[in-house]
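K.L.:
Below, each chain spelled out in residue letters.
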Amino acid sequence: ETGVTQSPTHLIKTRGQQVTLRCSSQSGHNTVSWYQQALGQGPQFIFQYYREEENGRGNFPPRFSGLQFPNYSSELNVNALELDDSALYLCASSSNFQETQYFGPGTRLLVL
Amino acid sequence: GENVEQHPSTLSVQEGDSAVIKCTYSDSASNYFPWYKQELGKRPQLIIDIRSNVGEKKDQRIAVTLNKTAKHFSLHITETQPEDSAVYFCAASTEGNTPLVFGKGTRLSVIA
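Heads up: the sequence lines are chains A and B, in that order. The opening residue of the first sequence carries number 1 in our numbering; numbering runs sequentially from there. The opening residue of the second sequence carries number 1 in our numbering; numbering runs sequentially from there.
The hints are simulated quantities; they were obtained by calculation from the structure and are not laboratory data. Heads up, the beta-carbon is just placed ideally off N, CA and C, and yes, glycines get one too. Each hint should be verified, as a subset may be incorrect.
Computed footprint of chain A on chain B; a stretch qualifies when at least three of its residues, placed anywhere within it, have a C-beta under 8 Å from a C-beta of chain A [as the list claims (entries may be wrong)]: (1) 39–47; (2) 98–110.
Partial pick of chain A residues on the chain B-facing surface, computed with a CB cut under 7 Å [what the hints assert, rightly or not]: (3) 38; (4) 41; (5) 42; (6) 80.
Take these sequences, add in the hints, and give me the full structure.
P.N.:
Okay, here's the thing in structure tokens:
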């Protein structure tokens, strides 16, 4: 098992609400990437944080935002939730943005 | 941007037989190709990766081959066991520059 942790494990929200997901990176890792995994699909890149700065963003709208803290943990915020936001949200940490990524267990979000 | 195609989407093999999963990628600049195994309800787990300066890499029953000219790479699992049953994802990236782009996954079932 990796040292990457995520909270909460499960979450149920309604359309229009806001949600914050959290990720603690593995010790010694300074880069966190966030992915959305819809049912039956591969993970899709949302964005990456390297040393507290955004270091790349995928094809997701601005209502998906994030930040990284000095201890390299990270948050993913999603505003104005839509039904299609229902998915498993994974974070992955690495020692530098070019190194191998290790995934956390994910947060399963259900939007009703 | 990068596009990764993965085949087959499902694969059933008898215990002890070999399994092969193939992926193609579109961006010739990609130089890092990891494979992840995801069991039901669990995090993607890195099982092997290869960089473009090598053509093949082995780790016990698992091997990955890379053909940069044809832009495809494959995962080979020999002497399959029931615990190999899972969804396998291939991915590609340009280390230090682009995020991981995943294939859609292959559901492998090993029949005892």
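K.L.:
Hint by hint, say whether it matches the structure.
P.N.:
Now for the hints, and whether the structure bears them out:
no., hint, in the structure
1, 39–47, "holds (count 5)"
2, 98–110, "holds (count 8)"
3, 38, "violated, 10 Å"
4, 41, "holds, 6 Å"
5, 42, "holds, 3 Å"
6, 80, "violated, 24 Å"
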